[in-house]
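Colleague: Chains as they are written, first to last, in numbering that gives the first Met the number 0: chain A, 0 to 435; chain B, 0 to 435; chain C, 0 to 435; chain D, 0 to 435.
Read the hints as simulated data drawn from the structure, not as lab findings. Treat the hints loosely; a few may be bogus.
Which copy is meant is left open, so a pair is good if it fits within one copy or across any two.
[Claimed, not checked] Pairs of lysine-lysine, DSS-like flavour, derived with a Cα cap of 27 Å:
hint, residue 1, residue 2
1, 169, 304
2, 169, 301
3, 232, 347
4, 304, 232
Number of protein chains: 4
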Amino acid sequence: MPGKLRTALQVDLDKPASEQRSLHVSRNTPDRTERGFKSRELIFEQNRWHPDIPSCATVGDGETVKIECLDWTGGQIGNNDSADDVKNVDLSRIHYLSGPFEITGAEPGDVLRVEIEDVQPLEEQPWGFTGVFHKDNGGGFLDELYPHAAKAIWDFEGISCTSRHIPGVKFAGLIHPGILGCAPSHEILAEWNRREGELVQANTLSRTVANLPLELNAHAGSAEEDIARRVAKEGARTIPGRPEHGGNCDIKNLSRGSKVYLPVHVPGAKFSVGDLHFSQGDGEISFCGAIEMAGTITLNFKVIKQGQAQMGMVNGRSPIYIPGPVQPQFGPSRMIFFEGFSVDEHGKQHYLDTTIAYRQSCLRVIEYLRRYGYTDYQIYLLLSAAPIEGHVAGIVDIPNSCTTIGLPMDIFSFDIRPETVPQRHIAESDACPVSP
Amino acid sequence: MPGKLRTALQVDLDKPASEQRSLHVSRNTPDRTERGFKSRELIFEQNRWHPDIPSCATVGDGETVKIECLDWTGGQIGNNDSADDVKNVDLSRIHYLSGPFEITGAEPGDVLRVEIEDVQPLEEQPWGFTGVFHKDNGGGFLDELYPHAAKAIWDFEGISCTSRHIPGVKFAGLIHPGILGCAPSHEILAEWNRREGELVQANTLSRTVANLPLELNAHAGSAEEDIARRVAKEGARTIPGRPEHGGNCDIKNLSRGSKVYLPVHVPGAKFSVGDLHFSQGDGEISFCGAIEMAGTITLNFKVIKQGQAQMGMVNGRSPIYIPGPVQPQFGPSRMIFFEGFSVDEHGKQHYLDTTIAYRQSCLRVIEYLRRYGYTDYQIYLLLSAAPIEGHVAGIVDIPNSCTTIGLPMDIFSFDIRPETVPQRHIAESDACPVSP
Amino acid sequence: MPGKLRTALQVDLDKPASEQRSLHVSRNTPDRTERGFKSRELIFEQNRWHPDIPSCATVGDGETVKIECLDWTGGQIGNNDSADDVKNVDLSRIHYLSGPFEITGAEPGDVLRVEIEDVQPLEEQPWGFTGVFHKDNGGGFLDELYPHAAKAIWDFEGISCTSRHIPGVKFAGLIHPGILGCAPSHEILAEWNRREGELVQANTLSRTVANLPLELNAHAGSAEEDIARRVAKEGARTIPGRPEHGGNCDIKNLSRGSKVYLPVHVPGAKFSVGDLHFSQGDGEISFCGAIEMAGTITLNFKVIKQGQAQMGMVNGRSPIYIPGPVQPQFGPSRMIFFEGFSVDEHGKQHYLDTTIAYRQSCLRVIEYLRRYGYTDYQIYLLLSAAPIEGHVAGIVDIPNSCTTIGLPMDIFSFDIRPETVPQRHIAESDACPVSP
Amino acid sequence: MPGKLRTALQVDLDKPASEQRSLHVSRNTPDRTERGFKSRELIFEQNRWHPDIPSCATVGDGETVKIECLDWTGGQIGNNDSADDVKNVDLSRIHYLSGPFEITGAEPGDVLRVEIEDVQPLEEQPWGFTGVFHKDNGGGFLDELYPHAAKAIWDFEGISCTSRHIPGVKFAGLIHPGILGCAPSHEILAEWNRREGELVQANTLSRTVANLPLELNAHAGSAEEDIARRVAKEGARTIPGRPEHGGNCDIKNLSRGSKVYLPVHVPGAKFSVGDLHFSQGDGEISFCGAIEMAGTITLNFKVIKQGQAQMGMVNGRSPIYIPGPVQPQFGPSRMIFFEGFSVDEHGKQHYLDTTIAYRQSCLRVIEYLRRYGYTDYQIYLLLSAAPIEGHVAGIVDIPNSCTTIGLPMDIFSFDIRPETVPQRHIAESDACPVSP
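Produce the entire structure from the sequences given, and follow the hints as far as they go.
Modeller: As structure tokens, then:
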């Protein structure tokens, strides 16, 4: 007879992320329970992808466990009314993932099916944040136009959230993890470092195009010193999702009830998870763009033997997933869609550039919502955090890709239909904090 | 008391598109009815965007009319089992749009709200087609990998369609027009020609990146000869959608009941429509990728005075729309999503390239569905035509954009869940026609 | 290669329903096409259920055909602004069904799967009607409170409808047939007559509780005179749905794309269909309560051998169905639900009476919508015709059943949320026609 | 700046319901916090509706609080494999509601809007139960056919549940409170006692038709002895929902994010809540039919002054509600609907009896699902607990009401489509516990 679910990992909100390691309980500690570790004691985190980071716990094939996660900045952002902490965030100290977990019986070539049974904020921290990073420290999708740092704090009440920094909106969270995946093999890790290194080598843009391995603040969980040093030197950074394992894919619909099928590349899978989001819009455009939070995720694990061949995952890629049945439902006629094309804001025509088209869709929403009194930064934050739908509409009509962004009308407390003569609903004094 | 809707334009399926003009009834023809033209007689088409193409009929502000449209190739593709007609399609003789219609009272600065009350195939032609163009004649999103021409014919039975060339699937059409928009002003037309000309000038790719004005087979409706010559010389080609008016945006969700808000740039709006689709997937990836058909569209027109300022359409761009309430509904848990990232099929890393990410999502679906016996060309056609959902998931996690493609399981007659051990359902002899 | 669908039956809007028979074309008529009958010539109708009514045409197992249907009153109601025709309707001349169709190979014990590929109004009659019958001639669910006759005419524009008699509402039709079913066997017909006769015998209410066989205006299709007389004498009336075959079940969700599984009781199934509705609310409360129309239905037939045993249809009952994927979608949060309980409008407590509870839910909607200026008859008509959702919520909490009626907010042109301070939107002069 | 939500009431799972009172903290207790009561100390419950039961706590207009609730039997049912506890349940010791809460500023004539921000099972009790009551002790909707007691235990894993007693099903909970409402006024209470008394007086059935006030085990919260005695004598029982306040309406869609609008009849509203359900089908047919659980509900309260007049709540009735946006979504084509009519299982025809029609729909599902090996009791329990949809389809086609029950296919681990040849999936040894 099943009892209460075991919690496979817990975090301590009073400690910095890099110190959570000290709470690790080795497998031989006498006070481990018979299920493998003692509840509320095991704390373990990593901020690199590397096959040699030791597993922090073992989870059975078929088992369901609860795992606590820090927010992706490891607690650097406060519940206050200044964006200075966002502006000054230390991006070398992020993504302290919960894991890696060894899954009994998982082998390279298998697929690990992870069912996301639930995601919840921590009861003692019923709030989250969305940030626009400063152009000089992280940036974001619209940083050419909006270079300053900005912030919105969101308060959670049950399934819903509101923000004192973006009045007039309330919505149910499409709660999900930003990051989950299995560890790369040594071969895959080498491939990542090769191709991203080549991109950096070839870069002619005046901006960072990829983050290569970095020893500063690397965190390798419970690894002994020599392995930790190796992980720091070779370990892949956690910012990008990658085709071979998913990782930081930031898919907003990976919510409660979803099943994700992850390729396994090392014995035991070495699964990690983190970067929980209370909500996010397609694209997560402000980079720190979801409603970032600490929380608990409940996961069920199932190994599908030889699943990669069965599911046509050629060369071990890429994850597939099936959404859960409970995402917030807006009727299709309650969405306003904004078209965008591959012509940039300077009037330059690009060739089938879907990224530029999507930026144009974003700008169209900003231009539309200004009429209610929102500042551009407020809308930028809202587009990042609310469950907007971003679609590739047409991708072959040269030279223009066409994208659309769907904005749900029902998250606003006032009527935003195009026919409605606009009124100012948001006072200037209600603007969100911005740090130039 | 309203009676039967008037049909504002009809097509003759027995004539080539370029000859439809001969059926035009001038405004002074004695047998015009008092509503502006005689039912079943007025035929009028254009295949360029230009402010000087004369209107073919006037429609009142608030009026609903039916408009017949040719398929986008003007009848070049036959209901047969060879892809040779697709291979040899004459791409200078396409997009014979129905229009332009003058809308009473519309002025530059206004918005024309067009409600799509219905779209139907012609009763006498209950079928449509999807084509993969040959790499040397049109190409498509995956033409590097799939250079041959291919074709699927779809039969319509009520709201559903099936194809003898892609067995095992049946689905309800998300029926919509590929093209609708108002005429550009002279200024906007000049801007289009400038920026697309610059793109062509700067092109270093070994492929066509944009189609500039072309006199061959230009069709200017009922224009007198000097204007027709000018239109042929300056008129914008109809392939791309463009931010200032929409045009060939190929948005699959612009279906029954949708309202689209179009900026007006010339007096009377000069609205045109065409390129009807029985169904399409997000991206329309094979270029001739929707289920292309001739049909009838029922539209209601409403002028919103000074609507561009009201809706924040800065510099006269871009259209917005609200979908109708009746699109086919698959439960969220009946979709399989395939992730794609900005790493191309040769292992090269690109920087936040969403177009490449989307191509990878497409390839993942092909690899997945092969297991049932489908050929790659069949899946390529299916991805183009079926109501797949293409999302921008993450667009800021440098260097990888992440896109997803959602494939509805319920369009298949067999179980395609990842857990199901795959069986061959499609025989080799069931492959679609391909013309190398 | 499939061509245009054949039309299996057509109606003539210029003839009264009882004369449609004269257009019947026998199977040996020389101008029959090779598909079994000549397009646009075969007309055949019945208004009783009886196993001996001859089939009017044969449809193959697996075939799709189009069938035209009269409106359920056979054309008695006009597109005008008086409710007198509703008041004086002749209820012995209704439900001229299209059929019976013999389905090749169907035998008692089988199940006939009927897929509703499409339903459309006739192009030449783009309107329908909703009526409240007079208490003394037909009545309805609320006739104790609303005894007069009333009427609303609805105009169709594509998938949507509006009524000059109920301003302020517009919605997409959930278009469907009110009646479809296979003929009863002699045994089943005898059982119907027995049990309904016993109900009439035992009746102590001061109202009609069931309609027994009636010779007046009985119509037996192409039956020879002796059979026609027998049908008139024994044939079951078409008003009620019945468990053994479905019949007039008036299920609003049997719309485009639905599959209904009908028990077969006689060789060839003898399937009939009619009483098309452009839209209906759950309950069809005003009796003539849907948006009644003439139209065309496209059906695909498939015989499932021994299907009754396979599907657990014990004693040959009852139909099951699977809805289609395209019904109008309102987000769940765009519905207002009204609770009703088994306490009647006189304050009397009834024991688990769900019918009374449902009436109370109806009355609560009327009380709510009055605040906008609608008359009670307008709301009664609207509740009948619009796609309201009627649920059994709780049916065991003695002595009260609880029902709910869900009213979609988005069919109104003004904001009807409970928080909104109500304003009069409908003028007294906009009331619908009522005939006392 | 909002902090953690206060918990307005907590329960102690180690104490019987009737003793929870001892934990009550009076308003003058020194260790009350400044918010009105001390967290984790205030316990207060009632099991009658009466205006004189003292409020247990005050909640501000606009405030959100968490409230813990016992399961509706107050802990009488165990997580084991025998139905004996269900058979022997003491029905005088049920429905210990959490409350009454005084809402600041609420007055008779107002409406109390309650937004259900969240509902969760207690973390320490991640399971619930569904019971069929014995015909001689409670009974249920099908007790004539299924007189024995039966039970299923459900295990919760995040948002989903499964039962070892009903293998082969798994579904997401549509979690909700069975009971919520404001206290009746003295006048309304008298009216309840009058009309239910008259029903009992007039009863000729051989079964209990209503439960009148009962002194045995009456529980009046913190009331002083004289008031407690009065409450015991006059207080309305909690089993039925009632039109004037809602109460035990058992509406499955009152889930997360719903807003319910409750008439206020006494100063301060005196709101109570309880009987939490992890899931329920429309009708809750087995009486103890939901997945019953103890848990926590998060509610936001808002007083709408003079709301009853504004919302047309004539004579102070009845509640209305708007569902939340996150209910589990099954595509419409993933539901099988079963028709039922007013002909009972003995072949007797009833007149527009929707209760009988609904029972027939239930029986049709039982007959259908038997083919997989389920026992009738298992299906009866499943119909009660799973999110089945119960609709009133037609209610005017004399003499037959038509109801439908929609069964979601996707809750089963095997394919239940009608076309699929059935196989035995459930072994006899997997039957649920039954106690004759």
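Colleague: State for each hint whether it applies.
Modeller: Okay, the hints, checked on the actual structure:
| no. | hint | in the structure |
| --- | --- | --- |
| 1 | 169 - 304 | between (44 Å within a copy, 23 Å between copies) |
| 2 | 169 - 301 | between (36 Å within a copy, 16 Å between copies) |
| 3 | 232 - 347 | between (41 Å within a copy, 23 Å between copies) |
| 4 | 304 - 232 | neither (33 Å within a copy, 63 Å between copies) |
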